[in-house]
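Quick note, the sequences are listed as chains A and B, same order.
First residue of the first sequence? That's 1 in this note's numbering, and the numbers climb one at a time after it.
First residue of the second sequence? That's 1 in this note's numbering, and the numbers climb one at a time after it.
Watch out, some of these pointers could steer you wrong.
[Said to hold, decoys possible] Derived, one-sided and incomplete: chain B residues facing chain A with beta-carbon distance under 10 Å: (1) Asp-236; (2) Pro-237; (3) Ile-282; (4) Glu-307; (5) Met-309; (6) Lys-481.
[As the list claims (entries may be wrong)] Here are a few chain A residues that sit away from chain B, every Cβ distance over 12 Å (derived from the structure): (7) Arg-69; (8) Leu-104; (9) Thr-106; (10) Thr-115; (11) Leu-119; (12) Ser-186; (13) Val-217; (14) Glu-226; (15) Met-241; (16) Ser-258; (17) Thr-262.
Since the hints were derived computationally from the structure, they do not count as laboratory data.
Since the structure is predicted, the reported quantities are computational estimates derived from the model, not experimental observations.
Beta carbons: idealized from backbone N, C-alpha and C, even for Gly.
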Amino acid sequence: MSQHLSHLDLLEAESIYILREVAAEFARPAMLYSIGKDSSVMLRLAQKAFYPGKIPFPFLHIDTTYKFREMIEFRDANCRRLGIDLILHTNTEAIQSGANPFKLGTKRCCALLKTQALLDALKLHRIDAAIGGARRDEEKSRAKERVFSFRDAFGQWDPKNQRPELWNLYNGRVDAGQSIRVFPLSNWTETDVWRYIEREDIPVVPLYFAKKREVLVRGNLIIPLEHDFELRENEKPQQVMCRMRSLGCTYCTGAVLSEADTVSKIIAELQQFRRSERENRIIDHDQEGSMELKKREGYF
Amino acid sequence: MNSLTATTGLLRFLTAGSVDDGKSTLIGRLLWESGGVYEDQLEAVRKVSAGKNGTADLSLITDGLKAEREQAITIDVAYRYFSTPRRKFIIADTPGHDQYTRNMVTGASNADLAVLLIDARKGLLEQTRRHAYIIWLLGIRHIVLAVNKMDLVGYDQRTFTDICDVFEQSTAFMDTVKKHFVPLSALCGENIVQRSSNLGWYDGPSLLELLETVPVSQGSDSGDFRFPVQNVVRPDPDFRGYAGQIVSGKVQAGQEIIALPSGRKSRVEQILLYKQTLDEAIAPQSVVLTLQDHIDLGRGDMLVEPERMPAVANQFLADLIWMAREPMKKGVPYLIRHASQVLCCTVTEVIHGLDFQTFASHEAETLQLNAIGKVRIVTHKAMFFDAYSSNRATGSFIMVDPATNDTVGAGMVSAEDLTVHDSAPYQAAVPLPATYSTGLTVWFTGLSGAGKTTICSSVYTELLALGFRVEVLDGDVIRRKLNSDLGFSQKDRDENVRRIAFVAQLLATHGVIVLVAAISPYREVREEIRRDNPNFIEVYVNAPLEICEQRDPKGLYKRARNKEIEKFTGIDDPYQPPLVPEVECRTDREMVKASSARVVSAIQFFFASRLNKDEGQAMSCPDAGRAEIAEQSRIQSNREDCL
Numbered sequence: 001m002s003q004h005l006s007h008l009d010l011l012e013a014e015s016i017y018i019l020r021e022v023a024a025e026f027a028r029p030a031m032l033y034s035i036g037k038d039s040s041v042m043l044r045l046a047q048k049a050f051y052p053g054k055i056p057f058p059f060l061h062i063d064t065t066y067k068f069r070e071m072i073e074f075r076d077a078n079c080r081r082l083g084i085d086l087i088l089h090t091n092t093e094a095i096q097s098g099a100n101p102f103k104l105g106t107k108r109c110c111a112l113l114k115t116q117a118l119l120d121a122l123k124l125h126r127i128d129a130a131i132g133g134a135r136r137d138e139e140k141s142r143a144k145e146r147v148f149s150f151r152d153a154f155g156q157w158d159p160k161n162q163r164p165e166l167w168n169l170y171n172g173r174v175d176a177g178q179s180i181r182v183f184p185l186s187n188w189t190e191t192d193v194w195r196y197i198e199r200e201d202i203p204v205v206p207l208y209f210a211k212k213r214e215v216l217v218r219g220n221l222i223i224p225l226e227h228d229f230e231l232r233e234n235e236k237p238q239q240v241m242c243r244m245r246s247l248g249c250t251y252c253t254g255a256v257l258s259e260a261d262t263v264s265k266i267i268a269e270l271q272q273f274r275r276s277e278r279e280n281r282i283i284d285h286d287q288e289g290s291m292e293l294k295k296r297e298g299y300f
Numbered sequence: 001m002n003s004l005t006a007t008t009g010l011l012r013f014l015t016a017g018s019v020d021d022g023k024s025t026l027i028g029r030l031l032w033e034s035g036g037v038y039e040d041q042l043e044a045v046r047k048v049s050a051g052k053n054g055t056a057d058l059s060l061i062t063d064g065l066k067a068e069r070e071q072a073i074t075i076d077v078a079y080r081y082f083s084t085p086r087r088k089f090i091i092a093d094t095p096g097h098d099q100y101t102r103n104m105v106t107g108a109s110n111a112d113l114a115v116l117l118i119d120a121r122k123g124l125l126e127q128t129r130r131h132a133y134i135i136w137l138l139g140i141r142h143i144v145l146a147v148n149k150m151d152l153v154g155y156d157q158r159t160f161t162d163i164c165d166v167f168e169q170s171t172a173f174m175d176t177v178k179k180h181f182v183p184l185s186a187l188c189g190e191n192i193v194q195r196s197s198n199l200g201w202y203d204g205p206s207l208l209e210l211l212e213t214v215p216v217s218q219g220s221d222s223g224d225f226r227f228p229v230q231n232v233v234r235p236d237p238d239f240r241g242y243a244g245q246i247v248s249g250k251v252q253a254g255q256e257i258i259a260l261p262s263g264r265k266s267r268v269e270q271i272l273l274y275k276q277t278l279d280e281a282i283a284p285q286s287v288v289l290t291l292q293d294h295i296d297l298g299r300g301d302m303l304v305e306p307e308r309m310p311a312v313a314n315q316f317l318a319d320l321i322w323m324a325r326e327p328m329k330k331g332v333p334y335l336i337r338h339a340s341q342v343l344c345c346t347v348t349e350v351i352h353g354l355d356f357q358t359f360a361s362h363e364a365e366t367l368q369l370n371a372i373g374k375v376r377i378v379t380h381k382a383m384f385f386d387a388y389s390s391n392r393a394t395g396s397f398i399m400v401d402p403a404t405n406d407t408v409g410a411g412m413v414s415a416e417d418l419t420v421h422d423s424a425p426y427q428a429a430v431p432l433p434a435t436y437s438t439g440l441t442v443w444f445t446g447l448s449g450a451g452k453t454t455i456c457s458s459v460y461t462e463l464l465a466l467g468f469r470v471e472v473l474d475g476d477v478i479r480r481k482l483n484s485d486l487g488f489s490q491k492d493r494d495e496n497v498r499r500i501a502f503v504a505q506l507l508a509t510h511g512v513i514v515l516v517a518a519i520s521p522y523r524e525v526r527e528e529i530r531r532d533n534p535n536f537i538e539v540y541v542n543a544p545l546e547i548c549e550q551r552d553p554k555g556l557y558k559r560a561r562n563k564e565i566e567k568f569t570g571i572d573d574p575y576q577p578p579l580v581p582e583v584e585c586r587t588d589r590e591m592v593k594a595s596s597a598r599v600v601s602a603i604q605f606f607f608a609s610r611l612n613k614d615e616g617q618a619m620s621c622p623d624a625g626r627a628e629i630a631e632q633s634r635i636q637s638n639r640e641d642c643l
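Kindly generate the complete structure, drawing on both the sequences and the hints.
Here it is, written out as C-alpha cells:
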C-alpha cells in the first residue's frame, strides 16, 4: 500500500511534534489564544497532539477590552464547549487610568494593553513557554524567528543572538525567569491555514465572513465601528459588504471589501489577493521596522 | 497567486552564496515572478529603496531585519514561502558571511536541495567551497549551482562551463550529491522562471522548472522504522498510548516492534491520528501508538523494528560543527539532544579538523567557532542511533552547554566505528577509556537534612589542606544547572544520579577527588554506578527521619507534609539505605568533625590501597576492597564511640 501525504499533512505532523515537545520539556507552558483563525488552527492541532488525552496546558488570552464583541462571544462559547482551561489577563491598571487607542495613539496603547499585559501575565503565572500562532510569512521580521525563540528575563528578543536551530531538535533550556516563545505554525502560510480550516471543518469567528457591516471609510482603511469610535468632522458611517482578514482590536483592524461568505470563497479570494493580510493592521506601519521593534520589546 | 491543490508536494531548499553574489535579489525575483510578493510589501520596499535609485530593490523583500538593511548583509536565516501549481516551496535564505556559518548550517539541516550562488565574474571562492562542503555534510542530495550575473560577462558560455568544470573537479568526492548547473541573471530575471534568448546555448530547465521537477525523497533515509517516544498519553487507567513522530520508515497495526533501551518486544495494537484509526502510518506522520503488551516505556525511549536495529553504544565518532564563541573543550560535560532524549556527554578526542580550502583534514586539539571536525564522543549511558548518512533523524544531535543553555554544536554520527549489537537488553555499554581511573568519586547519600552538604564542606576543607584537588557536586546545584530538565519520577531521579556520576568520573580523569552530595534514594542505581566506576566510595549520611524533619533547613518537609511538594523522599517516596557503605555517618549521634574525619581517612585508605594494587599487591575483587574500607571506617567509628 502506498500512501501520499499532502503538504497539509506534513505541516500538521510538524506542528503536532512541536506541541508535544513543549508539553514534555516545560514545567508551565501556556498557549496564547487570540481567538483568530491561527489560534483556531492551533487549538485543533493541540487537540490532535494529545488525543485521546486532554490538552495538557492552559490557554491565555490577553484581553485589551477593545476586541470585537463577536470575538469574545466566540471565545467563551468555544472554550466552554471544549472544556479548555482559559486564563484571562487585562492590564486593568492602564485601562483604569484611561489608556485607549484614541487618547494614546496605537503605539502607546499597544505597548500597554498588549505587550505589557502579556509580559505581566507570563510573569504572574510563571509561564516558561508561551505558544503563539505567528507565522513566518506574515511580516518580514517574523521570517527570521526560530520555532523555539528565546526571551530573556525581561521578555526581550535579541535577533542578532538567536540560538541555532537544527533539524527538529529544539533547545528549550532556560534559567528561572527566562522563557521560550514557541511558534508551531512557523511554516504555514495564510492559504495553508484556510485550507486546513476547510479540510478539518474548524469553527472560526464569523467576522471573517463577508456581510454588510457598519463601517467608516477613511482613506484606504475600512474601520468597523465599535467601542465608541470617535468620528472626525464630516465623517459618516456607511454600510459596506466586507470582511476581516485578520483580527485584532477594533480600532486597529481594518476590514477588506469582499463578497466571500464561506471558507471556500475565502480561499478562492486569496488566490487573487495581491495585498498582504497584515496590511490592515495599523500597528505594523506606525513606524519603519515597527514590528521588529515591538518584538524586541516582547510583543508576539 | 497561482492555485494550489491539497496534494501538491513540498520542497524545502536553501540558498547560499558569498556576499554580493546576488542571493537576496534571486529570491526576491523568484517570489515576485511566482506571485509570492504582495503589492503592499513591494510598496514598502519601494519606500525604503527610493532614496537609492528609484526602482524597487528586490533584495529588500528578503532582508527583513532593520540591522541587516542598514548593513546591507543578511545576518540570519530568513524563511520564505511560495507555491506554484506543482509544489509548495519553503526557502531558507542563509547568510553568506563566514561568521554566520552556524546560521547556514541551521538552514541546511532541514533542506532537500541547495541553490548555491556564484558570481560569474568571480568564479568559485573559498566561501562557496565551504558552503558546498556543509551541504554535502548535512546530507542534502541536490546542489543547484546557479551561476549568476551572466549579463555582466556577456552571456559567455565558456565562462559558465569553466566554472562548472572547476566545481565538478573540486567536489568530485561528494558522490552522494547530484549536481545541477544553471546560468542566469537574477537582476534581469533571465532563466529564473522564463528561459532567456540571451542564453540560447543553454538547453536545460530554468531554475524554477528545475525546482518544480527535482524528485524529493525522504532525504537519505534508509526506510527503517524509528519512533522516538515524545509523551505518554494516559487519559484514564485503561488507555496507554505513546505519542511521537515516525521519523523514518513506516509502521502497521499488528507489526512486531522492539522498545529501546529495554529490548522488550511487543506488537503495535493501534495507530491513532486524532479520532482516526489507521492500518498503516509513514514518516513523517505524528501519531499515537498503543502496544499489545504493557511495557515500561517513556519519553526518550524508541520503538524500532526487530530486523533493522540501530546501533547502541556509549561512544561514537561524529562530524561536529562548533557554533559557540568559546572553543570546544575536551573532557567537560555537555548535553546532547538526540531524538527525544537528553544525554550527558563529553568529547574525549578530536580525530581531525577540516580545512575548507583543500577539503583536507589536519590535526586539531579543539574546534573554534564555525570549525568542523571529526570527534569521539562518550555519553553517560548507551545511546541508540544510526549513521547520519543512512538516517538524518536518528544520526543527528545538538550539543548544549549546561552552564549557559546555549546550543554550541551540531553533530552527525559517522558511519565508521559503529558497533551494532543484537536485540538483547542494552545494558552492556562500552566501558569508559582506561584513563578514567586516576581520581575518586565520594558519594554522599541520605535523606534531605541528614547533613550531606555539611559533611561535604568539612571534608572539602580538610582535603584541600592535605593538598588534594577536590570538587563538590551538590545535588541541588546540579539540578538547577545540568539537570534542569529532570523531574522527580524514579526514572528522572535515576537519570539525575547517572549524569552526576558521569561528571564525577570526568573530573576524576584529571585526578580530582569529587564529593557528590545527592539524596540518591534508590539502591539499584547507586549499585549500578558503583559497578561502572572502580574508584568509588559510598558514604551513608544517616539520621532518623524525625531528626531530619525537625532540622528541616530548607522548609521542604513542611511543604511535603502540606502536600505542596509531591514525591518527597522519606514522606511519600522511599529512601533505600545502602547495605554496605564504605562509611556510615550517624549525624544524630556524632559531631560533624568526627564524621568528616572518618570520610577523610577512608579516602586516604583508598589511595593507599590503590598504591599497593599498582605495585602488584592488588585486592582480588572490588568488593573485597570495599569491605576493607568499610571495616577500617567501622573500627575507627567504634574507637571514637569508646572515647
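Right, here's what the structure says about each hint:
For the restraint placing Asp-236 (chain B) at the interface with chain A, the shortest Cβ-Cβ distance is roughly 9 Å, inside the 10 Å limit, so the hint holds. Taking 10 Å as the C-beta contact cut-off toward chain A, the hint placing Pro-237 (chain B) at the interface is violated, the least distance being around 13 Å. With 10 Å as the threshold, the beta carbon of Ile-282 (chain B) comes within range of chain A, its nearest partner Cβ sitting at about 5 Å, so the hint holds. Because the smallest distance between the Cβ of Glu-307 (chain B) and any Cβ of chain A comes to about 20 Å, over 10 Å, the interface hint for this residue is violated.
Against a cut-off of 10 Å between C-beta atoms, the interface hint on Met-309 (chain B) is violated, since the closest Cβ of chain A lies about 22 Å away. Because the closest C-beta pair between Lys-481 (chain B) and chain A is about 9 Å apart, less than 10 Å, the hint holds. Distance to chain B confirms Arg-69 (chain A) as a non-interface residue, since its nearest Cβ pair spans about 29 Å, more than 12 Å. Against the 12 Å criterion, Leu-104 (chain A) stays outside the reach of chain B, whose nearest CB is about 24 Å from its own CB.
With a cut of 12 Å on Cβ distances, Thr-106 (chain A) stays outside the contact zone with chain B, its closest approach being about 18 Å. Listed as outside the interface, Thr-115 (chain A) is consistent with that label: its C-beta sits roughly 18 Å from the nearest C-beta of chain B, beyond the 12 Å cut-off. For Leu-119 (chain A), the requirement that its beta carbon stay farther than 12 Å from each beta carbon of chain B is met, with the minimum near 21 Å. The beta carbon of Ser-186 (chain A) is not kept farther than 12 Å from every beta carbon of chain B, the shortest such distance being approximately 7 Å.
Non-interface call for Val-217 (chain A) relative to chain B: holds, since the shortest CB-CB distance, roughly 18 Å, exceeds 12 Å. No Cβ of chain B approaches the Cβ of Glu-226 (chain A) within 12 Å, the least distance being about 25 Å, so the stated non-interface status holds. Interface exclusion of Met-241 (chain A) from chain B stands, the closest Cβ pair being 22 Å apart, more than 12 Å. With a closest Cβ-Cβ approach of about 16 Å to chain B, Ser-258 (chain A) is found to remain outside the 12 Å limit, as its non-interface label requires.
Distance check on Thr-262 (chain A): its Cβ is at least 17 Å (rounded) from any Cβ of chain B, clearing the 12 Å threshold; non-interface status holds.
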